[in-house]
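Asker: Each chain, written out:
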Amino acid sequence: MEWIHYAVSNFDVLIARTIEHIVLVGIAVGIATLTGVPIGIAITKNEKMAKTVLYIASIIVTIPSIALFGIMIPILSIVGHGIGYVPAVIAVLLYSQLPIIRNTYTAINNVDPALREAARGIGMSQNQRLQKVEIPLAVPVIMAGVRTAVVLNIGVMAIAAYIGAGGLGTFISRGISQSDPRQLILGAIAVSLLAIIVDYALLYLQKRLTPKGMEQVPACN
Amino acid sequence: MIRLDNLTKVFDTPKGAVVAADHINMEVPTGEICILLGPSGCGKTTTLKMINRIVRPTSGKVFIDDEDTSSLDTQTLRRNIGYVIQQIGLFPNMTIEENITIVPKLLGWDKAKYKERARELMRMIALEPDAFLKRYPSELSGGQQQRIGVARALAADPPVMLMDEPFGAIDPINRAVIQDEFLKMQQELKKTIMFVSHDIDEAIKMGDRIAIFRDGHLVQYATPDTLLAAPKDSFVESFLGEDRALKRLNLINVREVVSTNFETVSPRDSLESALQTLDKCGYQHAIVMVNEERQPVGIIPRAVAQVSKGSCHDYAQKVPAVVNVNDDLRKAVSLMLAHDITWLPCVDDEGRLCGHITQRAMTHHLGARFRTQQATAELADPMAEE
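As they're listed, the protein sequences go chains A and B.
Quick note, the first sequence lines up with residues 153 to 373 if you use the numbering used here.
Quick note, the second sequence lines up with residues 118 to 503 if you use the numbering used here.
Bound conformation, chain A alone (with noise of 0.2 Å):
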């Protein structure tokens, strides 16, 4: 139980750390949000567009986020930005993409198609459609593919310790290279109760957006 002697004197440090984390995450899936939901919505137009654009989002997520950081390090050090938050940042981004496209065009897919008719025979525009009925129908399957975004990445930021992003991975890393076994317990302990409580957390946003009226939340992705 040493780590714990360590985190308690260490304290400012781990918080310091946490709010790196949080913060990086957060932009960078905040990011890809504001990407990720414009691109699943436009790609429910063309079904040739969407099946190519899901497939790319698939194959970057295959890809070991320790390579990712590696291809990116050449490209980056153009800019002068080759390691430190930037690349972690853009991986986090990219592996984003994914679960928010996805889950952005599955819901407004599946808005149900009486309600679309209803919705045109009104004489309600595309955009009003768009606005008033299918993103707020879909806005729990929308933020469930951002939780998954969020949790997936915290483990992923993690990693990005290695390339000097900061964060709670720096526990680990140092751990690891210390041979200091209290680092390396309190960074992977921190790292799953954080995705842990931003899951919760998120879950709770997600009930709050959910509109009133939909009583069913899906529970998950």
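No wet-lab data here; the hints were simulated from the structure.
Worth double-checking, as some hints may not be accurate.
[Stated by the list, open to error] Computed beta-carbon distance windows for the label pairs:
1) B:Glu-305 x A:Ile-208: 33 to 41 Å
2) B:Phe-128 x A:Gln-283: 28 to 36 Å
3) A:Val-175 x B:Gly-285: 40 to 48 Å
4) A:Gln-278 x B:Glu-256: 24 to 32 Å
5) B:Lys-230 x A:Val-175: 46 to 54 Å
6) B:Lys-228 x A:Gln-278: 19 to 27 Å
[To be verified] To give an idea of the chain A side of the interface with chain B (calculated C-beta under 10 Å), a few residues:
7) Pro-265
8) Leu-267
9) Arg-268
10) Glu-269
11) Ala-271
12) Gly-273
13) Lys-359
[Claimed, not checked] Only pairs whose alpha carbons sit at most 27 Å apart, straight line, appear in this in silico BS3-like list of lysine-lysine:
14) A:Lys-284 x B:Lys-448
15) A:Lys-284 x B:Lys-228
16) B:Lys-307 x B:Lys-230
17) B:Lys-364 x B:Lys-307
18) A:Lys-364 x B:Lys-448
19) B:Lys-397 x B:Lys-435
20) B:Lys-364 x B:Lys-349
21) B:Lys-364 x B:Lys-301
22) B:Lys-132 x A:Lys-203
23) B:Lys-364 x B:Lys-322
24) B:Lys-232 x B:Lys-301
25) B:Lys-322 x B:Lys-308
26) B:Lys-222 x A:Lys-200
27) B:Lys-251 x A:Lys-359
28) A:Lys-364 x B:Lys-307
29) B:Lys-301 x B:Lys-322
30) B:Lys-178 x B:Lys-301
31) B:Lys-308 x B:Lys-364
32) A:Lys-284 x B:Lys-251
33) A:Lys-284 x B:Lys-232
34) B:Lys-222 x A:Lys-364
35) B:Lys-232 x B:Lys-307
36) B:Lys-448 x B:Lys-364
37) B:Lys-251 x B:Lys-222
38) B:Lys-322 x B:Lys-307
39) B:Lys-222 x B:Lys-349
40) B:Lys-426 x B:Lys-397
Fair warning: this is a prediction, and the values are worked out from it, not measured in the lab.
Glycine included, C-beta positions come from ideal geometry on N, C-alpha and C.
Chain A is already provided as a structure; the job is to place chain B on it using the hints.
Answerer: Relative to the frame of chain A, chain B by itself:
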């Protein structure tokens, strides 16, 4: 008024072109309900949906109140047509009030006006505004939801309504109630309505006119009575069913068949005079006894009058059943069957006797109309092609 002019829809499918609606020509006069009826895949729904361009016509035109709708943009057209679908399609993320006021909002009404309209509509469909407006569709029963669906379609007071099997998903008991409510509303609203159904009984009940479709063609377009009395071909005949003559019972009021030429007795009369009246009028079974308000209070069977002596009051038997003159013949027949009788006293809304109806009179009436319908149908056959 809705007029369809050579309206045609051809769907391109992998197996080749399919003609879903083939040069449909018909006109629904203002304030009438026209039922589009036929088996599934006959083109009735396609025809309906071409009117508000949910399905884009391949060729042909739709006129609403003599205006060619092809000159209108799609959204304007749809906002001026009420649309009710079988799946109801209330938006679950919106309250009842938000659902009902969508079209007025799209049309740019001001808030006070559309809020008041929502309350007015709720009263029209007999749902308490304060209890329902703030609730969500999922909290309502199917029947209530479809009433809201109708209210939403009526919100901006469109002259024309399209209804695609609107009551198809509602249980039979509630369906009958909603149909009655809707007909009552229609008496005041006088909308021009196209209504898709696959239920012949619903069509007869709701329709001022019925259009029968088959394989994308309009086979026959006529009033329910004409349709039942003179189906144009064997397809229409089989679609209407072998009991089509019975279905006509729904369309005829007791008032049309009642015989007002009749005699009665009063409680003070003697059985002897009752028997004389029975003989004089040739009544085989019984005579009705009425009180001072002319309400039927009993009957004197012939058998009783023949064997007993005394006043009618003492020997009168209970009236087995009476029928209101405003009821349809179906109810009259039903009562006769239930009570094993061949005639019924008929009363007005105040319960006063105003005549009687016999099985013979009904069969004669129905038969006579069949004969004339068939005769005119034969004469007018070339015109039916129009």
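Asker: Can you verify the interface hint for Lys-359 of chain A: is its Cβ closer than 10 Å to any Cβ in chain B?
Answerer: violated, 14 Å
Asker: Keeping to a limit of 27 Å between CA atoms, is the pair of Lys-251 of chain B and Lys-359 of chain A held or broken?
Answerer: holds, 20 Å
Asker: Below or equal to 27 Å on CA atoms is what counts here, so check Lys-364 of chain B against Lys-307 of chain B.
Answerer: holds, 25 Å
Asker: Holds or violated: Lys-232 of chain B and Lys-307 of chain B, Cα atoms, limit 27 Å.
Answerer: Within the cut-off at roughly 23 Å; holds.
Asker: Can the restraint linking Lys-322 of chain B and Lys-308 of chain B be considered satisfied, given a maximum Cα separation of 27 Å?
Answerer: At roughly 17 Å apart (the allowed maximum being 27 Å), Lys-308 of chain B and Lys-322 of chain B satisfy the hint.
Asker: When the nearest CB of chain B is found for Ala-271 of chain A, is that gap smaller than 10 Å?
Answerer: holds, 8 Å
Asker: Given the hint that Lys-364 of chain A pairs with Lys-448 of chain B, does the C-alpha gap stay at or below 27 Å?
Answerer: violated, 47 Å
Asker: Return the status of the interface hint for Leu-267 of chain A: holds when the least beta-carbon distance to chain B is below 10 Å, violated otherwise.
Answerer: holds, 5 Å
Asker: Hinted pair, alpha-carbon criterion (27 Å max): Lys-307 of chain B, Lys-230 of chain B. Please report holds or violated.
Answerer: Holds: Lys-307 of chain B and Lys-230 of chain B sit about 22 Å apart, inside 27 Å.
Asker: Taking 27 Å as the top limit, are the C-alpha atoms of Lys-284 of chain A and Lys-228 of chain B close enough?
Answerer: Holds, because 18 Å separates the two Cα atoms, which is no more than 27 Å.
Asker: Check whether the Cα positions of Lys-364 of chain A and Lys-307 of chain B lie no farther apart than 27 Å.
Answerer: Not satisfied, since the Cα-Cα distance of roughly 36 Å exceeds 27 Å.
Asker: Straight-line Cα separation of Lys-132 of chain B and Lys-203 of chain A no greater than 27 Å?
Answerer: OK: Lys-132 of chain B and Lys-203 of chain A at ~25 Å, within 27 Å.
The earlier numbered hints that this structure contradicts are 1, 3, 13, 14, 18, 26, 28, 30, 39.
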